[in-house]
Amino acid sequence: MNPRAVIAEDEPLLAENLRSLLGECWPELNIAALAPNGLEALAAIEREQPEVAFLDIRMPGLSGLEVAAEALDRLGDGAPAFVFVTAHDEFALKAFDLAAADYVLKPVAKDRLARAVARLRQRLEQPDRGRIAEQLRALLGAATPPGETLRQIRASVGDAVRLIALDEVCYFQASDKYTTVMLREGEALIRTPLKELSERLPREQFQMVHRSTIVNLAEVAAAVRDESGKLSLRMRHRKETLPVSRVYAELFKAM
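Letter by letter, the sequence shown follows residues 1 to 255 of this note's numbering.
One should not assume that every hint holds.
To be verified - Restricting the straight-line Cα-Cα distance to at most 25 Å, the calculated cross-link-like pairs of lysine-lysine (PhoX-like) are:
| hint | residue 1 | residue 2 |
| --- | --- | --- |
| 1 | K195 | K177 |
| 2 | K239 | K253 |
| 3 | K230 | K195 |
| 4 | K253 | K230 |
Stated by the list, open to error - Now the in silico label distances, taken between C-beta atoms and shown as ranges:
| hint | residue 1 | residue 2 | range |
| --- | --- | --- | --- |
| 5 | R119 | H237 | 40 to 50 Å |
| 6 | L75 | R115 | 41 to 51 Å |
| 7 | R115 | R191 | 22 to 32 Å |
| 8 | K110 | L163 | 18 to 28 Å |
| 9 | S175 | V224 | 38 to 48 Å |
Note that these hints are calculated values from the structure, not bench results. Beta carbons: idealized from backbone N, C-alpha and C, even for Gly.
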């Protein structure tokens with residue numbers, strides 16, 4: 001059976017150009033779906049379960065990196081090989097050359113795409129999901145240069161606004177237009193998006209464990225797996241457990 005691919009690109013002309021070039025570089029590849037944004041790309045990957053996904057880095061809804069991380073979490077070993085398409089070079093492109101993921105720069109050149117296709121053919125024969133997860137963790141953490149590191153946050157608690165030391169935080173949870181700050185006792189709200197917040201938290205203390213969750217590592221009591229192999233975290237001062245994406249599971253392997 002011929003391999004299948006999903007192309008995710010919010011510019012229709014660029015999507016068609018990539019489809020056309022792939023037709024020349026990889027004639028037997030079947031383009032199963034074209035997705036104009038990250039959410040539709042994720043849905044297409046789940047529905048079609050292609051062998052390859054070409055993901056624009058910057059898309060509405062979810063970025064290409066976020067789509068890849070979520071697809072890996074949902075599909076595990078059934079996730080496709082990822083090729084990231086970007087007009088920018090700030091995403092540690094050299095690291096792609098050393099990892100299971102690949103990249104092509106916009107505007108896509110046929111010779112560069114041909115090299116990516118040759119590498120994809122090899123990787124489809126011997127996929128390495130562990131390296132894909134490791135690379136996605138690094139890229140998700142380095143996608144934007146960090147700003148000034150936070151030591152405390154200003155948050156709404158009921159009708160009041162208070163300063164909260166980071167040591168009081170158990171975890172942060174994305175919630176619609178807000179981020180919920182889950183404290184040892186109670187919770188608070190901040191307007192800072194989770195992605196922006198992650199860039200300003202001390203990385204030795206806080207770790208993203210899911211697209212919507214950042215935990216205070218000092219508050220993690222244990223990492224446990226259920227019968228299906230999915231990992232979750234038990235917290236020291238909270239009763240709820242937190243799911244861990246496959247992308248970040250290796251971080252808790254020793255627990």
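Structure-based check of all given hints:
{"no.": "1", "hint": "K195 with K177", "in the structure": "holds, 12 Å"}
{"no.": "2", "hint": "K239 with K253", "in the structure": "holds, 22 Å"}
{"no.": "3", "hint": "K230 with K195", "in the structure": "holds, 24 Å"}
{"no.": "4", "hint": "K253 with K230", "in the structure": "holds, 12 Å"}
{"no.": "5", "hint": "R119 with H237: 40 to 50 Å", "in the structure": "holds, 47 Å"}
{"no.": "6", "hint": "L75 with R115: 41 to 51 Å", "in the structure": "violated, 26 Å"}
{"no.": "7", "hint": "R115 with R191: 22 to 32 Å", "in the structure": "violated, 44 Å"}
{"no.": "8", "hint": "K110 with L163: 18 to 28 Å", "in the structure": "violated, 56 Å"}
{"no.": "9", "hint": "S175 with V224: 38 to 48 Å", "in the structure": "violated, 25 Å"}
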